[in-house]
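Colleague: As you go down the protein sequences, you meet chains F and A in turn. Residue numbers for the first sequence follow our numbering, beginning at 5 and rising by one. Residue numbers for the second sequence follow our numbering, beginning at 5 and rising by one.
These are calculated hints, taken from the structure and not from any lab test. All figures in this text were calculated on a predicted structure; none of them were measured in a lab. Hints may be right or wrong, so weigh each one.
Since the list can't tell identical chains apart, any single copy or any two copies may satisfy a pair.
Unchecked claim - Straight-line C-alpha distance at most 20 angstroms; calculated PhoX-like pairs for lysine-lysine:
#, residue 1, residue 2
1, K55, K241
2, K184, K55
3, K86, K55
4, K86, K102
5, K55, K102
6, K184, K241
7, K241, K296
Chain residues, written in single-letter form:
2 protein chains.
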Amino acid sequence: MGWNTTVLVGQSGGPTAAINSSLAGVYETARSLGANVLGMRYGVQGLFDDKLIDLDRQLGDPVSLQLLQQTPSSFLGSCRYKLPDPAQNEEPYQRLFKLFAERGVGAVFYIGGNDSMDTISKLAAYGAREQSPIRFVGVPKTIDNDLEGTDHTPGYGSAAKYIASTVAEIGRDSSVYDLKNVTFVEIMGRNTGWLAGASCLASQRNAYCPDLILLPESPVTEDALMERIAELLEDMKSVVVAVSEGARRPDGTLMCEAPTGVTKLDAFGHEAALSGTSRYLATLTAQRLGVKTRAIELSTLQRCANHLASGTDLQEAYTLGGVGVRAAFEGLTGKMPGIVRRYSQPYVVEYQLADVSAVANKERKVPREWIRGDGMGVTEKFRQYAKPLVRGEVSSFYVNGAPHHISPLVIGR
Amino acid sequence: MGWNTTVLVGQSGGPTAAINSSLAGVYETARSLGANVLGMRYGVQGLFDDKLIDLDRQLGDPVSLQLLQQTPSSFLGSCRYKLPDPAQNEEPYQRLFKLFAERGVGAVFYIGGNDSMDTISKLAAYGAREQSPIRFVGVPKTIDNDLEGTDHTPGYGSAAKYIASTVAEIGRDSSVYDLKNVTFVEIMGRNTGWLAGASCLASQRNAYCPDLILLPESPVTEDALMERIAELLEDMKSVVVAVSEGARRPDGTLMCEAPTGVTKLDAFGHEAALSGTSRYLATLTAQRLGVKTRAIELSTLQRCANHLASGTDLQEAYTLGGVGVRAAFEGLTGKMPGIVRRYSQPYVVEYQLADVSAVANKERKVPREWIRGDGMGVTEKFRQYAKPLVRGEVSSFYVNGAPHHISPLVIGR
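Same shape as in the complex, but just chain F (with noise of 0.2 angstroms):
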């Protein structure tokens, strides 16, 4: 009495360390409920011109499952693609239910963030409408953290481990020079603070690390940061400043555009681009306060690194890809598995499924309760729900001294 179907699985959005967890998770569920998968090159936008791949065949060993689990970014490739409004248009719609019909396709699998899930609600409702058998599941995944319907999102948790365990190197390489200096590490987060705010987990005892964290949610003018860094400069030698990509000012202009009446120019004396909040902080700094700055940008490394994945991560991941197969096997649709955390301590789960038509295009912020009073830093409440999910390493296969990756075989990089 096994599940005798073809289902689909897709990645889509912004790669993480831990999406091809929940990858594997959708896969050998799948398959041990007795249905074949398929596996969407570059997400919907792949699919259209049938870009399917058998996953027995990539991921049919154990070796390879394993190594997928230890290899970040979409195996499967991603796309940024949005479906249309069916009302306004129905064709790409018609297109996709022929071509799961022509498969044999039951379900569908979409592992990604609030985009993936707008993908998902508008397949699930556009095939209630239809009336089609065929099951549509959103797997939460983004590194920003910024899901409804889920305590917190794969992808995250290992996102974190990497900003905390790096941030502490950083604080460590800053100090060394019997010098003031501040250090300005640029974290990833247009809208939202919950990775810069992971930072507070690189302090340790006796070494206090960053100082600040600029959030989005808590904005600050520039004087009142340059103010507060000479406080701190006064009694300590190196300061460490976390900041935000998306820190903003209280006039809701980002950081990183100039002040209003300014114009910034790039590097050939055009009118710059947004980017560039800890170069814009350390320049600022410079200037005002006259000591030497540096400007890091933990950039992509922050979303890719699995060599430094949060075991709590994976394991989710795992978990959450194998609930959403679970919850189409048992007949839903336009569902997405989420993270009902009951306790902190012990840091204690359960899976529950979210309805994704009320986590689509939805933005979940920092509580302004986890912000410290001077808006420039988190309460120890933040800490309390960012520890668990970082903890556990992972033990990763190197091979000549790097860890290694599985590759799709048929790769079109």
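With the hints as your guide, set chain A onto chain F.
Modeller: Relative to the frame of chain F, chain A by itself:
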């Protein structure tokens, strides 16, 4: 019949992931011989202010000593101080030797790179002139791997392992969308390409990465580079280029400098400081080839990422510290222990002593025959050289999900 003396140990120059292992090697070996060990805070610079700490208090227990070896950066602090020519200004020497006499110092160990060897060379020469019994020994350290007198330098292997692992992960990240793109990864190295070259170790079966490597030793024109990238993009979706910060043109100018006749401006419209080889090339490539580009600076992460240290590197760093102490114990002065490689396969090394005067202020470059014919990559010879140096994973002690470090008891951050 112990070594009934006091020895001083200091760290100098840029931080690395391995310099504290050398400190551990100096400390444990000197203690095993019976000496008392004092650490200089902030190198020779701190010594002038008598900033000395009792290392027994800091490192006297095995747990502290083990934590020290997984702590990046310089535990004792560092400086970039150059002793004057004693013929021009003898005063600093008189002060230091007076201090050595007051403290009953029998030997001085200085862990650092070219500049530090200059310090040891001058102190040894001055000591010989004054018929001082004090022994001066340098212990090599630099991620740049540009020291004479040794096959390679402690710190290089760990930086190389970080670069190889991270570039492998960036390669994964950059291939995720079905979109032509070029990623420039900027790696330290003003004058030598040892670090950038190590990115060749990121290549794996079925996943060759990076595609091009630019080294300071092998100048290229922007035109040649663009032509090569365009060729690669005909067959591939994603191209990864590892660039030394010191990559340059055939006329000797740095890539990060403006081409002749063009003034580069910074974000404030001022003439730009020297920085941003990868940003310059990413902007240029986007303009000339019309593809998506990204610039990633590995920045200080590559020198302070102890969490990804090479086991081989840490072990050799420790041993070199100990061999340096042995040399002083045996009565030698003005020496630097170095590594001689017997074989790469199996990897076998021996330790020998070089004269610091023959090492100081020199710079070892990547040999021409280790650079690819087109000047944009390294050969198999380079790979065979670098491969054993990144081998071995270190089992770190994690607390709350982040690697734990040791802090000096008397800490001035």
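Colleague: Each of the hints needs a verdict: does it hold here or not?
Modeller: For each hint, the structure was consulted:
Taking CA atoms no more than 20 angstroms apart as the test, K55 paired with K241 passes between copies only; the shortest distance there is 16 angstroms, against 56 angstroms inside one copy. For the identical chains of this complex, K184 and K55 are inter-copy neighbours only, at 17 angstroms across copies versus 56 angstroms inside a copy, given an alpha-carbon limit of 20 angstroms. Taking CA atoms no more than 20 angstroms apart as the test, K86 paired with K55 passes inside one copy only; the shortest distance there is 18 angstroms, against 62 angstroms between copies. Only within a single protomer do K86 and K102 lie at most 20 angstroms apart by alpha-carbon distance; the minimum there is 19 angstroms, versus 75 angstroms between protomers.
Taking the shortest alpha-carbon separations for K55 and K102, only the intra-copy value of 15 angstroms comes in at or below 20 angstroms, while the best inter-copy value is 77 angstroms. For the homomeric pair K184 and K241, the shortest alpha-carbon distance inside one copy (5 angstroms) is at most 20 angstroms, but the shortest distance between copies (45 angstroms) is not. In this assembly of identical chains, the alpha carbons of K241 and K296 lie at most 20 angstroms apart only when taken from the same copy (11 angstroms versus 40 angstroms across copies).
The structure agrees with every numbered hint stated previously.
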